[in-house]
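Student: Each chain is listed here by its residues.
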Amino acid sequence: MKSATLPDEIRPVLENGIPAVMVTCSAEGIPNVTVISQVYYVDEHHAALSFQFFSKTIQNVRENPYAYVCVSDLVNRREWILQLIFQRSETEGPTFDAMDMQIEAIASATGMSGIFKLRGADIYRVLSVEDFTYGNPMPGA
Amino acid sequence: MTALVVGHFTSDLVNSLEDNGEFALTIEEFPSHETYQFKGRYLSHRPVQAPDLEVVDRIRARFVQAVRQIYVDAPDYILNAYIQPAVLAVEFEVREIFLQTPGPGAGSRLVPRVEPS
Chain A
1 MKSATLPDEI RPVLENGIPA VMVTCSAEGI PNVTVISQVY YVDEHHAALS
51 FQFFSKTIQN VRENPYAYVC VSDLVNRREW ILQLIFQRSE TEGPTFDAMD
101 MQIEAIASAT GMSGIFKLRG ADIYRVLSVE DFTYGNPMPG A
Chain B
1 MTALVVGHFT SDLVNSLEDN GEFALTIEEF PSHETYQFKG RYLSHRPVQA
51 PDLEVVDRIR ARFVQAVRQI YVDAPDYILN AYIQPAVLAV EFEVREIFLQ
101 TPGPGAGSRL VPRVEPS
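So the sequences go chain by chain: A and B. Sequence positions in the first sequence follow this note's numbering and run 1 to 141. Sequence positions in the second sequence follow this note's numbering and run 1 to 117.
Do not take every clue at face value.
To be verified - Covered by chain B, per the in silico footprint, the following chain A stretches (three or more residues, Cβ under 8 Å):
id : stretch
1  : 21-30
2  : 90-101
3  : 124-135
Stated by the list, open to error - Label-pair distances were calculated between CB atoms; the ranges are:
id : chain 1 : residue 1 : chain 2 : residue 2 : range
4  : B       : Asn15     : A       : Arg11     : 42 to 48 Å
5  : B       : Glu54     : A       : Asp43     : 32 to 38 Å
6  : B       : Tyr36     : A       : Ala98     : 28 to 34 Å
7  : A       : Ser108    : B       : Pro116    : 32 to 38 Å
8  : A       : Ala98     : B       : Pro104    : 23 to 29 Å
9  : B       : Asp76     : A       : Gly114    : 29 to 35 Å
10 : A       : Gly135    : B       : Ser11     : 40 to 46 Å
11 : A       : Ile85     : B       : Ser11     : 19 to 25 Å
12 : A       : Glu104    : B       : Ser11     : 35 to 41 Å
13 : B       : Val6      : A       : Ile85     : 21 to 27 Å
14 : A       : Ser108    : B       : Glu54     : 35 to 41 Å
15 : A       : Thr5      : B       : Leu53     : 36 to 42 Å
16 : A       : Thr91     : B       : Arg68     : 33 to 39 Å
Said to hold, decoys possible - Selected chain A positions facing chain B (Cβ under 7 Å, derived; list incomplete):
id : residue
17 : Val33
18 : Val35
19 : Ser55
20 : Lys56
Keep in mind that the hints were calculated from the coordinates and are not lab data. Glycine included, every Cβ here is placed at the ideal spot set by N, Cα and C.
Could you build all of it, start to finish, from the sequences and the hints given here?
Tutor: Take a look at the structure:
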């Protein structure tokens, strides 16, 4: 199976608290796009996405396991696009616990405490990584 | 509805749309997180024109004003750069609208209205 490595430079981007965009597709070819609050670095070949309320996304990846996620590096004006394949969902363990703690912090910072609730940590293998730099260079650079 | 798409998302977009015609677009308001998804059928595409870029400029100004409440110290050029210039306009016919605001109602269909069973 095709596999890619998450570069070290993406790790702070995954932790910057900026919502990511996730795209999935049903078995019938109907796309679904949703905003997610967290992409968690598991290891250099795996990322975990928070399973909270987006039932269509959950349904899609269980019938068609491929997904795209776009994460934004606001400071460096860079976007990363990850192609992923769903492997399993975890409802306990170190990845789940770490994501649960992180999501509560995000919820608290964005006024969504009590609404963001982690139901599962969905584990994905990384199939490809692309990045794009956008915008004008920093003034004076 | 017309979606204005930035350059690096256009490489396979038109091929995919001409393949099966299915299109989905999600919009989110910050910092309220009020979110909607529009699904429908692709009609056509064209290069953006001056009026489209004026729309992007207005959206950028509104976005910067909204996120400024969260990123109080972020320089303007960083926040402005986040809303990138569009290169492609995709027109599609909206078939369904879903609520995606985080919370218990997320994923529910608003249009066409779901009749209670």
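Student: A separate judgement is required for each hint: does it hold in the structure or not?
Tutor: Results for each hint:
1. Only when three residues or more bring their CB closer than 8 Å to a CB of chain B does the claim for the stretch 21-30 of chain A stand; here the count is 4, and the claim holds.
2. For the stretch 90-101 of chain A, the stated coverage by chain B is violated: 0 residues have a C-beta nearer than 8 Å to a C-beta of that chain, whereas at least 3 were required.
3. Look at the stretch 124-135 of chain A against chain B: 3 of its residues bring a Cβ nearer than 8 Å to a Cβ of that chain, three or more, so the hint holds.
4. Our hint of 42 to 48 Å for asparagine 15 (chain B) and arginine 11 (chain A) is violated, since their Cβ atoms are close to 33 Å apart.
5. At roughly 46 Å, the beta-carbon separation of glutamate 54 (chain B) and aspartate 43 (chain A) lies outside the given 32 to 38 Å, and the hint is violated.
6. About 31 Å separates the C-beta atoms of tyrosine 36 (chain B) and alanine 98 (chain A), a value consistent with the hinted range of 28 to 34 Å.
7. Checked against the hint of 32 to 38 Å, the pair serine 108 (chain A) and proline 116 (chain B) passes, with Cβ atoms roughly 36 Å apart.
8. Our hint of 23 to 29 Å for alanine 98 (chain A) and proline 104 (chain B) holds, since their Cβ atoms are close to 25 Å apart.
9. Checked against the hint of 29 to 35 Å, the pair aspartate 76 (chain B) and glycine 114 (chain A) passes, with Cβ atoms roughly 34 Å apart.
10. The hinted window of 40 to 46 Å between glycine 135 (chain A) and serine 11 (chain B) is violated, with their beta carbons roughly 19 Å apart.
11. Between isoleucine 85 (chain A) and serine 11 (chain B) the C-beta distance comes to about 21 Å, which sits within the given range of 19 to 25 Å.
12. Between glutamate 104 (chain A) and serine 11 (chain B) the CB atoms are about 38 Å apart, so this pair conforms to the stated range of 35 to 41 Å.
13. For valine 6 (chain B) and isoleucine 85 (chain A), the hinted distance range of 21 to 27 Å is satisfied, since their beta carbons lie about 26 Å from each other.
14. At about 38 Å, the CB distance of serine 108 (chain A) to glutamate 54 (chain B) agrees with the hint of 35 to 41 Å.
15. At roughly 38 Å, the beta carbons of threonine 5 (chain A) and leucine 53 (chain B) sit within the given window of 36 to 42 Å.
16. In this structure, threonine 91 (chain A) and arginine 68 (chain B) meet the distance hint of 33 to 39 Å, their C-beta atoms being roughly 38 Å apart.
17. Here the hint on valine 33 (chain A) is kept, as its CB sits about 4 Å from the closest CB of chain B, short of 7 Å.
18. Interface restraint check: valine 35 (chain A) against chain B, minimum CB-CB distance 5 Å, threshold 7 Å, status holds.
19. At about 5 Å, the closest approach between the beta carbon of serine 55 (chain A) and any beta carbon in chain B falls short of 7 Å, and the interface hint on this residue holds.
20. The beta carbon of lysine 56 (chain A) is positioned within 7 Å of a beta carbon in chain B (closest approach about 6 Å), and the interface hint is therefore held.
Consistency note: the structure conflicts with the earlier hints numbered 2, 4, 5, 10.
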